[in-house]
Amino acid sequence: MSPAPVPGRVAVSVMTASYGALVIVANARNDIITSDFTSDWVLFGGGGGLPGDFGRNVFAGSVALGALFLLLAAVVWFTAGTRVALGPAVVAAGLSLVLLVTYRDSGNLLAARPAAAAVMLAVAFYLGSTTLVARPAIRGR
Amino acid sequence: MPIANRATDVITNSTPLVLRLTAGLLWLSNVGWKAPPNLGESAEGCRGLCGFVQAGIDHPVAPGYPWVLEHVVRPNLAAFGWGVLIVEFLLAAMLLSGTLTRLAAVIGFAQSVAIGLSVANAPGEWYWSYALMAGLHLALFAMAAGRTGGVDAILRSNPRRPTWLESLT
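So the sequence lines, in the order shown, correspond to chains A and B. Quick note on numbering: my numbering labels position 11 of the first sequence as 11, and the sequence is numbered without any gaps. Count along the second sequence from 1, then add 141; that gives the number in my numbering.
Which residues of chain A face chain B? A few of them, derived with a C-beta cut under 7 Å, are: (1) Phe54; (2) Asn57; (3) Val58; (4) Leu100; (5) Arg104; (6) Arg113; (7) Pro114; (8) Ala115; (9) Ala118; (10) Leu121; (11) Tyr126; (12) Ser129.
Okay, the calculated beta carbon distance ranges per label pair: (13) A/Val101 / B/Pro300: 33 to 41 Å; (14) A/Gly94 / B/Leu279: 32 to 40 Å; (15) B/Gly192 / A/Val101: 20 to 28 Å; (16) B/Pro303 / A/Ile32: 42 to 50 Å; (17) A/Arg29 / B/Ala203: 44 to 52 Å; (18) B/Arg188 / A/Val91: 32 to 40 Å; (19) B/Thr156 / A/Gly94: 30 to 38 Å; (20) A/Ala28 / B/Pro201: 44 to 52 Å.
In case anyone wonders, no lab produced these hints; they're calculated from the structure. Owing to the predicted nature of the structure, the values given are computational and were not obtained by experimental measurement. Glycine included, C-beta positions come from ideal geometry on N, C-alpha and C.
The whole structure should be built from the sequences, with the hints applied where relevant.
Following this line, the structure appears as structure tokens:
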């Protein structure tokens with residue numbers, strides 16, 4: 001499938017992949033697939049404020065969660081701007097909501113915190129909106 | 142076109158995007174500490190979100206607001222906490238992606254004012270933080286910041302977009 005000429009496809013894909021890569025690196029000492037939040041950070045292990053607090057809040061997770069974002073970046077790259085994108089957008093939005101409602105201070109699926117779920121939903125919003133470019137008109141008017 | 146004019150254009154055009162991403166990151170980096178199920182409430186005391194509610198009761202900002210915190214919010218901390226978590230989660234996603242940005246700006250403004258009314262007078266807080274947060278969302282609304290590099294630009298590219306979408310983007 002050839003990439004569609006939709007605005008932001010490359011930027012969103014690269015940013016999603018970068019986010020996933022940072023999650024993988026920052027949480028590399030955590031288990032690959034785990035529900036436990038790490039306290040043994042590769043990055044962002046310093047004191048409060050910037051970059052420590054910010055990084056720990058935004059990039060918390062696990063290697064598997066980071067890999068999921070790399071997969072999502074590939075999906076954006078290959079499907080944004082096509083009708084096919086709607087399916088992955090719905091799946092990503094659904095998964096982000098699951099990650100949000102299962103969040104507990106004791107842990108979560110793939111050790112995801114709400115920040116990772118929000119990033120996933122943001123990508124889902126973008127991916128879903130690009131399907132409108134592939135359609136002649138917005139439904140539901 | 143002179144270089145100075147081009148630089149001005151670049152700054153003018155990119156400012157809505159930069160401010161929107163700044164606001165998105167603000168909510169993104171703060172959404173995680175409202176952690177269910179206890180939201181900071183434990184036998185040892187009150188921390189996290191619970192601690193902020195208590196601080197709003199102990200250090201009043203506006204007349205009547207501490208009463209609301211003490212008699213409405215505090216007894217229903219779980220429901221309130223989930224509400225805060227969901228709102229701030231949606232704010233992060235909407236502002237980062239530029240989706241329905243004007244709606245997000247209104248919600249972000251209201252949330253900033255609500256937080257300010259709760260804790261602006263608490264020890265260690267700088268009350269101007271919350272005025273600046275509210276001002277940031279006001280600017281996002283005024284600039285319709287999702288139309289620059291955001292999902293709103295894609296949504297608005299359809300000439301047959303519904304009226305409600307026009308208002309919220």
